[in-house]
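Given two chains presented individually in distinct reference frames, assemble the corresponding complex, making use of the accompanying hints.
As they're listed, the protein sequences go chains A and B.
According to the numbering used here, the first sequence holds residues 1300 to 1611 in order.
According to the numbering used here, the second sequence holds residues 117 to 537 in order.
Note that these hints are calculated values from the structure, not bench results.
Errors might be hidden in some of the hints.
[Unchecked claim] Simulated restraints on C-beta separations:
(1) G1390(A) to D352(B): 33 to 39 Å
(2) D227(B) to F1335(A): 50 to 56 Å
(3) W1394(A) to K519(B): 22 to 28 Å
(4) G537(B) to I1345(A): 36 to 42 Å
(5) G1372(A) to A530(B): 24 to 30 Å
Virtual Cβ for every residue (Gly too), placed ideally from N, Cα, C.
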Amino acid sequence: MPRRATGGDAPGRLRSRPGRRPASWRLRRALVPYLFLTPFFLLFGIFWAGPILASFAYSFTEWRGITAPEFVGLRNYADLFADERFYTALGNTLWMAALYVVLANLAGLSLALLLDAPWMPTRHLFRTAFFLPMTISMVVTAVIFQLIYAGDIGLLAKLLSVFGLEGPAWLRDPATAPLAIVAMRVWRTMGYYAIIYLAGLQAVSSDLKEAARLDGASEWQVIRHVILPGLKPVMLFCVILTTISALEMFDEPMVLTQGGPGDATLTAVMYVYQQGFQFLQLGYAAAASYVLTLVIVLISIAQKLWLGEKDR
Amino acid sequence: MNRRQLLAAGTGGAAFAWSAGRAPAYAQGRTTRILYWCWSEHARGAQAVYPKFREQNPDIEVEIVNLNPQEIQDKILVAMATGVGAPDVGLIIESRFPSYPATGGLLDVTDHVAPREADFSPRLRNRLQHRGRYFGFPYIQNVAVMFYRQDYFAERGITAPIETWEEWVEAGKRIRDRQRNIYMHQVSPGAVGFGPLIGYLEASGTQLFNEEGRIIRNNRQGAEVLRTYHDIVRKDEIALLVTHNSPEHFVAMRTGRIAALHSGNWGLDRLEREAAADAGKWKVQFWPRWRREGPPAIGTWGGSVLVLPRANRNHAAAVKWASFLSAEKEAQIGLWQNGYGLPTSVAALADPRMREPQAFLGQSMYEASVLGREVNYLNLVRDWPRVQIEMGRQLDAMFQGQKAPEQAWADFEAAMGRQLG
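So here's chain B without its partners, still in its complex pose (with noise of 0.2 Å):
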């Protein structure tokens, strides 16, 4: 045997004992193996409720990718925008979307959602279709909420739930006058900042942008939300500036240095393990009314999307598991009782187990903070990372000082007429 054959030979027996024993099942045909990108209280909720998924589908294998939110959105954008490297299912925040469909590279996924359409927010239809077609499965949506300190309320004598921001605002007062160290919430600067902020603006009605997606302009109630934001922090002091899930804002949940948390529902996700020496003394409430006299309104704190971009191959096996997460009650309620994202199926939220207890808080959070608020929601636009970053300017230029709160809403509305027209 010459160096040819005996090269020819190896290679050949080499490439025959990996297809035959070595492979994996997945690459002999068995079974479809699928990607799902997601991150930290998603990952988790889609492990536990998987199993299920793999009764009913033994032929496909999902894996689970846990990475930075904001990370997997642009990753998802560049991918699908060079059509390599994106996962068969990913997870996107819901504000972000509209930039999705506009790129060509979704699937349309309308035979798939549009039979369900009674199961899920009219909200979400308009949310979720570029065109008149659906290229994205509800998931899950994040009511904006407040964890409270039972134990600091109770020691100054302050009863929850408060109903209106004036009182909360007045609790806050009181937190702050018998310990000055102890806040009542955080606020977030930056473009960070402007999560918290979307509550603050739905929970009062206020629209940025008109259905057309036109910057709304003179907002009045735009500018009074940003004065309150503003004074909540300056003027009242009442609560604490620094960047919403930074280390500095861990240790204050964890050393009691804050009487309130507000959040979206995953926030009980957070404190549970930033604070799981606490368990018991966390309640939570819903977000106080803007005014008194209006509905008993709430805002949200983002809201997720199932996407499946089109470069990749496994479509038939991504359908199924997006369509698990987003319609299957028990998938819904998986996720709830172990990610605490709230379901967008009305199937999952008439579900008894909706109500349940959750251990950390000793109540159920649905009944506490939910149930019975109306949600109000922004119209989103096309370009809302252009927003996020503006408003965060302003908030920047606004908590130094550089500007009154007024001022940077009206900055902001003009950059936005620059920017989106």
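This is chain A alone, in the form it adopts within the complex (with noise of 0.2 Å):
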């Protein structure tokens, strides 16, 4: 008992204690756990907010580089908008964007639903192998499409000659260009979305998927109403991620075809590099930025507002 009353007296002793000790104390205690937190703000403002307000600024300067930026107010943005290249940019980024949100999703769940499936024998495996061509590095797996996908000695046109056909020059025609890189893209991530799947396929309940069975449900419809039901948070989040990823698109046309042929695979990032980085015209380019930002702001608030309101 004498213990027990000590080590009751003990928190009334601790509590009396900050009175006693020195404001300069107090001070520095309550500035600790802010103190522990600073890194994470400097860093943040240093590589992230001062870019983002610092490249807003420069949308309303021309500059090139070392010399002082030269205000010229909405002069950017009027001309880009008055630009066919930008809006030619932001057309094919967004239709291209749109294929490859589909096919991505697509191939993912199914992949997902195959892997997830009890009579699959060894998908320990095939979910590893599928991962994988996200682990090669993006210009080996150019190279590897551009063989595939070469006149008529790649893997594609060989393919197509068993059966007689002749097929287009993929990255040179400019109807077949843009697909070939969103085909080639869908091949690099789908393992990866195929991973996002199936953890959301491990939080739908089995009870249901049981009880759909035991009450005649086909596969098809256990998949339709019990499992894509269950999948909708993990879908909206895996659009959303291929939406953005889509439309920030640009290793895959810059190596594959540097936006051509024409301007037929020149995405709207790659059309900010161009501007920024190879003409040096940096407030045009951060002008440019910033409307593609927009639009994907818009794009994802739209997409958010439709799938969540499905969703209730």
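This is the structure in structure tokens:
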């Protein structure tokens, strides 16, 4: 009992201590949590918020690098909206992104369902195998696909020739070059999205699936009426993720086609890159990147509202 | 010893150990280490002549970094604009050089280049200057040449060297007639195709821009060159349309699908790697004349310049390395022997070693393709990437049959007028 009494007194003593400590000690103690948070805010300020605000300011200037930026008001935005290449780039980006989002999610989800099926042998091996393309360097992937798409010596051309068909010049035809790029991107990323969908599938109640089967539902009906509704939050996440990444598409067209043929695969980010880092119009490029950011934000909000609404 | 003292002692000890024993020589002030950005054959050339440089400058270490050429241009430009991340010495494609001095990020090297003006071509005196001051060191030039398969030519009774473009096209038809899946040479679409096109334009004496950097309007000669570029692919069908330096192009070289390779001198380096098994079968000749009655003029395939970003601190060491590569006869010869970069130094060009045969060809590339030919050059403008991209768009439209070459040229002129004034 005496030990309990001592123990019971201890908090009281502790509570009374601050009152006896000097004000500087209390101030220091109050500041400590903020001190621990400071590195994050410093890094965030320097590498995120700072550049975002600075580039917004630069979007109203003409700036070619070292020479001082010159304020030009809204001229960069006016020039941007008058440039037909910007609309071409934006149009290409939007339709390639739409196609990519649909195909990547369909492929990822299908793959996840397949890898989750109990009858699938060595599915753990396949889970790793399908993720591997994500780990391959983009340049290596591009070289592989250049050889797949190459004129009459490419893998696709050889396969088609077996059936007596002659394929197009995949990367030199404006009709097929964007499709070729989307296909390569889907191949690269579907394993990654399959893993996310697979994680989502684990959260779908097996009792519900079992109950549906007992009620006589076919496998397709189980997927359609039990699994897919259960996966909606994951689908929303994957759709937004694929949309954002597709709207930022740069590596694949840069390495495979450099935006060609013509401007058939010129994406909005490539346009920004050309203006900023090749033509050294950094203010103009900043304006273009702000418009692109706005487009991404609007599309993400629309997706959230649409899918969120359906979810309710 | 409390925790703080222990921590302080540990940190101090580690710092001492690093500074005393672990730090590299350059960090201890014994040597200066500089960074040099270049690409493939130039990296190999630089590695070959580096021991000679070290003999002369034991206090300077050079880290030679091999990067993608297009990547270097953009990276250096951005590094200069931002003031961080630039190499001490960088290699710039000559046509891209005019963009750089205007940024204010290059070191003025007039004191090192002007005294040896007599040792390089007057063309470079103009190209490397900005407002009367030098901002780059002459490095190498790239004359456009034609490599060809001697065995293919002999089988079809074609005698090389072929003097004119007209004869070249006729020879190409004979190559194709005998075997439809073999082409005379290759032509690139897109922006990449503009590099090779420069060789055709220069050889014909065509200019895109006047001395003041204004686009030349109603340029019939330019349209005529573009017509030829189009016809060899679409009408005469002697040229294979594939992107230059793509895997498809390399496979064509390796499998003997092309009887010739239009390229700068450095193309020999590419052939040695891609078609090693065909050593001795490949030969080289000068670029065919545009017209029989004209001068024996040829064009270029680029050329490169050494620049020193101002933001770095090792200016003295960087100047020594750039001067060595640019002005030292032994270095210039070494770059030719190891990377086939044609010297800009007049003294190096006059050296008997320039006439030595290349083992892969079994002949002297310099004698067969350059010597005695007049080299034409395009006037450059500051925004060269715009020119490259716009011409690339027109080439694509032309090869896809969306417009005639004459229309493509007119559209190119109009676009350049809008963009560059």
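These are the hints, each one checked on the structure:
Range check, G1390(A) to D352(B): about 36 Å between beta-carbon atoms, so the 33 to 39 Å window is met. Our hint of 50 to 56 Å for D227(B) and F1335(A) holds, since their Cβ atoms are close to 53 Å apart. Distance hint check for W1394(A) and K519(B): the Cβ-Cβ separation is about 24 Å, which falls inside the suggested range of 22 to 28 Å. The hint said 36 to 42 Å for the Cβ distance between G537(B) and I1345(A), and at roughly 39 Å that hint holds.
For G1372(A) and A530(B), the hinted distance range of 24 to 30 Å is satisfied, since their beta carbons lie about 28 Å from each other.
When each numbered hint is compared with the structure, no violation occurs for any of them.
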